[in-house]
Structures are given as structure tokens and as C-alpha cells.
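Chain residues, written in single-letter form:
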Amino acid sequence: MSYVVVGAGPAGVIAAETLSRLGHGGNITLVSGEPEAPYSRMAIPYLLAEDIQEDGTHLRHGKGHYDDLGIKVVHERVASIDSKGKSLAFESGGSLGYDKLLLATGATPVRPPIPGMDLDGVKSCWTLEDARQIIANSKPGDNVVLMGAGFIGCIILEALVARKVNLTVIEMADRMVARMMDKTGGDIIADWCENQGVKVMISTRVNGVSENGDGTYKLELEGKDSINADLVVCATGVKSNMEFLEGSGIETDMGVLINEHMETNVPDIYAAGDVAAGFDFMTDKHDVHAIQPTASEHGRCAARNMAGDRTAYRGSLVMNTLNTLGLISTSYGLWDGAEGGDESISVDKERSKYLRLNFKDDVLVGTLALGMTQHVGVMRGLIQTKTPLGKWKDVLMEDPHQIMSAYLACAQDASRRIG
Amino acid sequence: MQKSLLIDADKCTSCLQCEMACSFEHEGTFNPARSRIKIFEFEHGKRSVPYTCTQCAEAWCLHACPVEALVRNKETGAVEVKDDICVGCKVCTIACPFGTVNYNPDTGKVIKCDLCDGDPQCAEACPTDAIVYVDAAWTGLDRMQQWAAETDNKPMANA
Chain A
1 MSYVVVGAGP AGVIAAETLS RLGHGGNITL VSGEPEAPYS RMAIPYLLAE DIQEDGTHLR
61 HGKGHYDDLG IKVVHERVAS IDSKGKSLAF ESGGSLGYDK LLLATGATPV RPPIPGMDLD
121 GVKSCWTLED ARQIIANSKP GDNVVLMGAG FIGCIILEAL VARKVNLTVI EMADRMVARM
181 MDKTGGDIIA DWCENQGVKV MISTRVNGVS ENGDGTYKLE LEGKDSINAD LVVCATGVKS
241 NMEFLEGSGI ETDMGVLINE HMETNVPDIY AAGDVAAGFD FMTDKHDVHA IQPTASEHGR
301 CAARNMAGDR TAYRGSLVMN TLNTLGLIST SYGLWDGAEG GDESISVDKE RSKYLRLNFK
361 DDVLVGTLAL GMTQHVGVMR GLIQTKTPLG KWKDVLMEDP HQIMSAYLAC AQDASRRIG
Chain B
420 MQKSLLIDAD KCTSCLQCEM ACSFEHEGTF NPARSRIKIF EFEHGKRSVP YTCTQCAEAW
480 CLHACPVEAL VRNKETGAVE VKDDICVGCK VCTIACPFGT VNYNPDTGKV IKCDLCDGDP
540 QCAEACPTDA IVYVDAAWTG LDRMQQWAAE TDNKPMANA
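Chains A and B supply the protein sequences, listed in that same order.
Here the numbering used here is used: the first residue of the first sequence is 1, the next is one more, and so on.
Here the numbering used here is used: the first residue of the second sequence is 420, the next is one more, and so on.
Honestly, I wouldn't trust all of these hints.
In silico EDC-like links for lysine to aspartate or glutamate, alpha-carbon gap of 16 Å or less [claimed, not checked]:
1. 391/A x 350/A
2. 531/B x 446/B
3. 501/B x 118/A
4. 349/A x 246/A
5. 164/A x 230/A
6. 63/A x 487/B
7. 391/A x 462/B
8. 139/A x 158/A
9. 501/B x 533/B
10. 528/B x 230/A
11. 86/A x 268/A
12. 349/A x 194/A
13. 164/A x 51/A
14. 218/A x 158/A
15. 501/B x 55/A
These are computed hints drawn from the structure, not numbers from a lab.
So here's chain A without its partners, still in its complex pose:
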């Protein structure tokens, strides 16, 4: 049996490791599209901030880790799939046959369709090579503009501030981290950043970037004065890597569509991680989560199914956590509320604290938190187990900060007889 895993991010690496550890035999090939050892994009901001060296971004640290597990790592980019002949064609001209194939090709940044996005001074922050470019092109005191204050933008923001640049953040939406934070939370984060010397411009559209001729760049803003920058970092979103699937017959929408066994519509081809539109058990829909926990769960579940251990995946819960210059934010599930549900909110703008719990009947379905670092995970516990809160819902409606007590009293009740 030949197992081929395309993509050496968390989903691909975990799938290859799981295939090996299941011990059903077969050859395992991990196809990496980048020249590096498999690494974590999530660790890149910490490299930019000079907290770690490049090897600190590596997914695995053991010498000979992949060899020891019988995983052959090849560095190739896949050009196309012949799903009838069951083989991959590489951009380099070679090919590779498979019996079971996992697509774990992740995502790539997209830039807005405006002039100047191809200029030298406009960088993405996605790969290790991007990180090297940003490090080489930004020094203390430089004017740096960050386009996009989404999740990735905000992670890079932290790293850029650590590099002591003069930072301006431009975001098209009406708030920061619009995909994990409501207006109240987004505004608290923006105030926090402004107080630490970062200029935040929300509801602002960049119409184009051009060269000034002296090595600096000019950003034209819609309805506002243009601004100059030494470096523009673009973090305006990502899209799943699916171009090579053209002609393969594999069904896609925002990502590759998979069933509960992580199978695509084409036999023996599976998908996992940021390229996959997997099932979300809170929304009852298929979605690309593009988060580490989902990639990890996808990878393990896909491997089991590929190896013949039929395992149904119950679906993922969307969750995020972010550190914006020391302000920790967290979101889970239906963080913007459920239709016909209730919400319990506590806001302290002075202290940059915010907690929002969303319920459907007496079940927690989503949360937002700012400034919370202790026992955050119990929110996942309550949401995922759909625990009926009973009288504790009334307590939480009065004071959402009683979440840990409610968790201990309700979720742990069966196993520990408490509360």
C-alpha cells in the first residue's frame, strides 16, 4: 500500500505520523512544497520577534524523526492529479503513484486586486522565506504599514512592534479581527494597540500602492490622505491551495469538500487541514476553519480512515486565541450569538476586559473573552459536550465570570460528584 500525503504542515505531518504509528505497513511519502524541514506557520511571528530561531518553528525536533517513523519526505510541488491513473505529476516533471492520497496542501495569502501589490516593498507574511524578507527589510524606526487586521495580521502586528518599527495598521472592516471578535471586542483591541503607539485605521480601504522613487512607497487611501511606508506587509486573507486539482474531478467550494470519513468525492482521495472544508458541528455546515486544532484532528482522523480503520469524525469547533501586544483574546463556536439565543455580557473598557457568553436554551454555544488567561479551555468543554447548564445558566446570565464554577458544577458532575 502506498500512502501519499501532499503538504507538510500540521495536518499532513500528523497524518503521516498517524499512518506510521497505526502500524498497518505500507510506504508513506510526505510531499513538501517548500525546501524547509516541516515547520509551523504559527511559530513565524515568534521568529520575527526574535524569540526563537528558525529551528524553533519546526514541527518536530527529534533528529531523524521522519526516518525513524518510516516516512519519506520529498520536496516537490504538485502540478496535477491523475485520479484515474492514481498518480501525481510534479512541477519538476516527475510523478508519483499512490493507493491512498491525502490532500493537506493548506492555504496561500491573497492580495487585494489593486495596483502595486506586486512591488518589491509589498510582502506577505506566510512562509519562512517571507519572514526572512521582512526581517531583512525592516529595522527599528522604519515606517511599516500592515494591510489587514485579521487574525494573521494581528499576530504579525505583535512581531512587528517587537522589531520597533513605526507601525500603521489599515483594516477594511469596521473593527480589528472581524472574524473572531464583535465590534465591542474589536474596539477594545484597537484602543489597546493605539495606547501602545500603533496607529489603527479601521473602515479604511487602500486603493493602490506606488513607488516614491526614494525607496519608499505611497499608499493611496479611499477618502483619506495618502501615507508613506518603507515596507508594506500584506495580510488580507488566505485561500485554500486547490489549483492543482483542476481536472481531477474533486468537488470543492471554499475548500475541498469531505465527508465524515475525510473522503473527497473521488475514491481513495482524502483531505485535511486548511485545504479542507470539513464539518463544523456548531454551524452544521462545511467550512474551512484554517486553525491548528482542526488541522490536527483532521490529520489524525484522515490517517485512520486511509489505513482502513473506519473512523467517523464528529466535526470541529472553531476556536482562536490571540495575543495583541499583551492583550489576550479568545473566541469559540458561535461567538456572535445563536438565533433565538441569549447572551450574557460583561465589559470593562477601562481595564480592557470583556466576556461574552452565548447560549441556546441552557447550553453554551459560543464565547468571546478579552484579558482571560486562566481555565479558558472549559468554555470548549461546555460547548463541545453541549452540557445542559440548568440553574447555572441563570447564574451565568447574572455574572458570566462564574463560568469556571458552572463548569465544575455541571460538566464534571457525573465523574466527580461535586457541586
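Chain A is already provided as a structure; the job is to place chain B on it using the hints.
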């Protein structure tokens, strides 16, 4: 034989000796806010519940870590944080559905119970045996069920 913490909330008097011992062992200071084990009070202090990581088999934290900073200690069974590798991304803190991995803003790393390398100081410090360190076989529900099944089968074996 692996051992694990067995907690009996009925015996807890909320003296906080466990939190002090944990904090001193890991941080060198008596700061309950940095303890890996926490006492939660119910019914206005009438009832106290010590709470910490169970070193669960699923190890949600370990699987969610992007840089392999969480590693299971084969001797003790504890999932330990490797401080030199942890980048502080906090994904484990949201992935753990028990809420027992916490972020320490002072160090920029996460902290969790590591069973003190096989000599848990909380159990050592507990004056009422609300926290004891015993054979793992005696703490888990599944082990109890196994025990029950074994007990149930004994008359059959004798017959």
C-alpha cells in the same frame, strides 16, 4: 505501575496548602495565582474542590501544539511543557476542554500540572488526604469498570 492524582473533594478544607506547594515547587514563590492546581469554592465556601489536569489519554493540548512543546513523560505519564520550545501561542489553552493549561503572561509560556516528576507536592502538602498520589488503576472510571467486570466474573470463573 503508573500513578496519578486522586482527588476527594469531600475531604478538602480549602487550606490552599496544595496551591502554595505547587507554586513554590514550580515558581520558587508562594503565589497561588501561579499554581497548577486550584481550589474552587462552592456554596459560599461550604464546599471546596481541588482541580487540576488528569493527564488524560486524549491529550488535546499535546495534539494541538504546533511546535512539539508538549511531551508525555513515559515514566510518570504526565504531559509536560518544554519551556525552551514553547513559543506561547496558547493554542493548547483553548484546545484543552478541561481548562487545565494556563498562559503565564510573565513568562510568555503555558503552565500545566507535570506531577512534579513523580513526586507531586500538592499531595505531599495536603493535610487531609483530599489529594493523594496512587496507582493510576484506582483513579479512572474505566479502570473502575474493568475492576467491576473482573469482580462480576469471578464467581463464573469459580463455577
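Quick rundown of the hints versus the structure:
1. 391/A x 350/A: 31 Å, violated
2. 531/B x 446/B: Since the Cα atoms of residue 531/B and residue 446/B sit roughly 12 Å apart, the hinted pair holds (cutoff 16 Å).
3. 501/B x 118/A: Violated, at about 41 Å.
4. 349/A x 246/A: 50 Å, violated
5. 164/A x 230/A: At roughly 13 Å apart (the allowed maximum being 16 Å), residue 230/A and residue 164/A satisfy the hint.
6. 63/A x 487/B: Judged against 16 Å, a Cα distance of about 13 Å means the pair holds.
7. 391/A x 462/B: Since the Cα atoms of residue 391/A and residue 462/B sit roughly 14 Å apart, the hinted pair holds (cutoff 16 Å).
8. 139/A x 158/A: The hint holds at about 15 Å.
9. 501/B x 533/B: Roughly 11 Å separates the two Cα atoms, so the pair holds.
10. 528/B x 230/A: Outside the cut-off at roughly 33 Å; violated.
11. 86/A x 268/A: Distance ~9 Å between residue 86/A and residue 268/A Cα, so the pair holds.
12. 349/A x 194/A: With a Cα-Cα distance of about 14 Å, the restraint between residue 349/A and residue 194/A holds, given a limit of 16 Å.
13. 164/A x 51/A: 14 Å, holds
14. 218/A x 158/A: 23 Å, violated
15. 501/B x 55/A: 15 Å, holds
Checked against the numbered hints given earlier, the structure breaks hints 1, 3, 4, 10, 14 and satisfies all the rest.
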